[in-house]
Amino acid sequence: MSTTSRRALTSAFVLLFSLGCCFSLLADEPKPKPENTISLQLAEPVPAQKFAHPPKFWIADVVDRSGNPQPMLVLKARGGIFLDRQPMVILREALEQSLKASGLLAADANGADLTVRLYIFHFGLAEGSQLDYFGKVEFSAMVKNPKSGQSLEVKAAGTSIASGAMLKKNLQKNVQGNMEESLKDAIRNFLRSQQLKDAVAALQQGSDVTPAAAPPQ
Amino acid sequence: MRIFSGIALAALLVISSPALAKDKNAQFKTVEAKHFTQAEGVELSPAFADYFYAELRNELKKEKMAEDVIGEGEAVEDADAPKSAVIVGTITEYKKGSVVKSALIGFTAGWQSMKMDADVLRRSDKQKLCTLHIHTKMDPRWNEKLMAKAAAREVVKGMRNELKTQPQ
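If you read the sequences in order, they're chains A and B. With the first letter of the first sequence counted as 1, position 91 gets the number 91 in the working numbering; the numbers rise by one all the way through. With the first letter of the second sequence counted as 1, position 30 gets the number 30 in the working numbering; the numbers rise by one all the way through.
Don't take each hint at face value.
[What the hints assert, rightly or not] Using 30 Å as the maximum straight-line C-alpha spacing, the simulated BS3-like pairs for lysine-lysine come out as follows:
{"#": "1", "chain 1": "A", "residue 1": "Lys-155", "chain 2": "B", "residue 2": "Lys-64"}
{"#": "2", "chain 1": "B", "residue 1": "Lys-83", "chain 2": "B", "residue 2": "Lys-29"}
{"#": "3", "chain 1": "B", "residue 1": "Lys-115", "chain 2": "A", "residue 2": "Lys-100"}
{"#": "4", "chain 1": "B", "residue 1": "Lys-101", "chain 2": "B", "residue 2": "Lys-115"}
{"#": "5", "chain 1": "B", "residue 1": "Lys-62", "chain 2": "A", "residue 2": "Lys-169"}
{"#": "6", "chain 1": "B", "residue 1": "Lys-64", "chain 2": "B", "residue 2": "Lys-137"}
[As the list claims (entries may be wrong)] Here are some, though not all, of the chain B residues that point toward chain A, as calculated from beta-carbon distances under 8 Å:
{"#": "7", "residue": "Ala-47"}
{"#": "8", "residue": "Asp-50"}
{"#": "9", "residue": "Tyr-53"}
{"#": "10", "residue": "Asn-58"}
{"#": "11", "residue": "Gly-73"}
{"#": "12", "residue": "Glu-74"}
{"#": "13", "residue": "Ala-75"}
{"#": "14", "residue": "Ala-103"}
{"#": "15", "residue": "Phe-107"}
[Unchecked claim] With the C-beta cut set under 8 Å, the calculated list includes, among others, these residues of chain B facing chain A:
{"#": "16", "residue": "Gly-71"}
{"#": "17", "residue": "Pro-140"}
{"#": "18", "residue": "Lys-145"}
{"#": "19", "residue": "Asn-161"}
Hints in this document: simulated from the structure, not taken from any laboratory. We treat Cβ as the ideally placed atom computed from N, Cα and C, and that holds for glycine.
The task is simple: from the sequences and hints, build the whole structure.
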C-alpha cells in the first residue's frame, strides 16, 4: 500500500470517528416529547397576607433574567424532563391565580393601584446532593405606583427538596412535585413577605402624600 | 383468631398514639429559618447556603417543630409572634479534609468538618431560647451538600433536645 493511500485511509477513519462522536452527542441531546413533558400548576391558590388597605395589583410584565439558554429543560439526564410552558408564563399564571383568589387582582392595568414587573433569576432544579433533587424558584418584583411613579423592589424565593427515583416515571413525578412545591413556596414568600407589606404601605402613602405635596399649578 | 386481631389492633393503637400526639403538640406556631452567614475564611460554595437553608426547612417540617414553617422574611401576625421562633446562625469553620489521610490512616482521620453556631430566638422580643453549637464531620470524598443535610438534621435534633428541658 502506498503512502498516499495509507494517508487517505487514516483520514477517512478520523473523519468517520469524528462523525460518529457528533452523532452520538446529537443523540444524547434530549428532545421534548409528550411523555417527558410536565405541566406545573398550583394545586390551590396561595392566600396572601392581610393589608391595612388592600391594593389591586396588576402584573405588567415578566422578564426571564436567569440566563438559561434552555429554560424549559428542567433535567437533562435520563432522556430529559421538559416544562410544557415557559417559566415566565407559569409564574405569571400562578401569581395571578393567587392574587385573584385573595381579591387583590385588578381587572386591567388602568384599574390597578400597583403594577408589578417580575424578573426571574432561577426557575428549575439547582445543584443538589446528587441523592435528591433541589428545586428553586427565585424572582424579584418591582412594585410600582403608577400615579406617583415610585417603585420598590421585593425579593422572593422558594425551595423544595425531593428524593430521587430509579424509574423514569417516578423521577418525573418527583421532579414535578418538587417544582410545584418550590413555585408555591416562592409565591407564598412573595405574597406574605414583610418586604411586600412595607412596600405597599410606603407606595400607598406615597400616592396619598404626592398630590398634597405637589406644588400648586 | 379474634384474640390475635384484638391484640394486633391494640398494639397498632399504642404505636400510633405518640405519633398522633406529636402532630398536635408542635412547639411553635411558626418557625422561620434564616440563611446562615459564613464567617471569614470559610470556603464553601455559594450554593451551599441555599441548600442548607432548604434542608433546614425540610427537617423542621419533618420533625413538626411548628404548625407552620415559614420562608425567610415572611410576615407573622402580631398575635402569633410570642409563639413563633426564628433560627439564625453562622458557619464558623469549615475544613476540607484530606482524601489521602482518610484513605491511608482511616478512623475518621482527614475527614472534612464543619462547625456552626445557631441561635433560636423568640420572634416577639428576640429573646434567645437556646444556643446550639454544631460540629459535623464527614468523609472528604462526599459531597458538601450531604454535609448540609447532616448539619440540618443536627440543628433540629439539638433544638428539640434543648427546648425539651425548657418550660413553655
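Status of each hint after checking the structure:
1. A:Lys-155 with B:Lys-64: The hint holds at about 27 Å.
2. B:Lys-83 with B:Lys-29: holds, 5 Å
3. B:Lys-115 with A:Lys-100: violated, 46 Å
4. B:Lys-101 with B:Lys-115: Distance ~20 Å between Lys-101 (chain B) and Lys-115 (chain B) Cα, so the pair holds.
5. B:Lys-62 with A:Lys-169: holds, 25 Å
6. B:Lys-64 with B:Lys-137: Satisfied, since the Cα-Cα distance of roughly 26 Å is no more than 30 Å.
7. Ala-47: holds, 5 Å
8. Asp-50: holds, 7 Å
9. Tyr-53: Since chain A brings a Cβ to about 7 Å from Tyr-53 (chain B), closer than 8 Å, the hint holds.
10. Asn-58: holds, 5 Å
11. Gly-73: Result: holds, 5 Å to nearest chain A Cβ.
12. Glu-74: Since chain A brings a Cβ to about 5 Å from Glu-74 (chain B), closer than 8 Å, the hint holds.
13. Ala-75: Ala-75 (chain B) check passes; min Cβ-Cβ to chain A is 5 Å, inside 8 Å.
14. Ala-103: violated, 21 Å
15. Phe-107: Hint violated; Phe-107 (chain B) Cβ to chain A Cβ min 25 Å, cut 8 Å.
16. Gly-71: Holds, because the Cβ-Cβ distance from Gly-71 (chain B) to chain A comes to roughly 4 Å (cut-off 8 Å).
17. Pro-140: violated, 15 Å
18. Lys-145: holds, 4 Å
19. Asn-161: Hint on Asn-161 (chain B): violated, closest Cβ of chain A at ~24 Å, above 8 Å.
The structure fails hints 3, 14, 15, 17, 19 (numbered hints given earlier, in ascending order).
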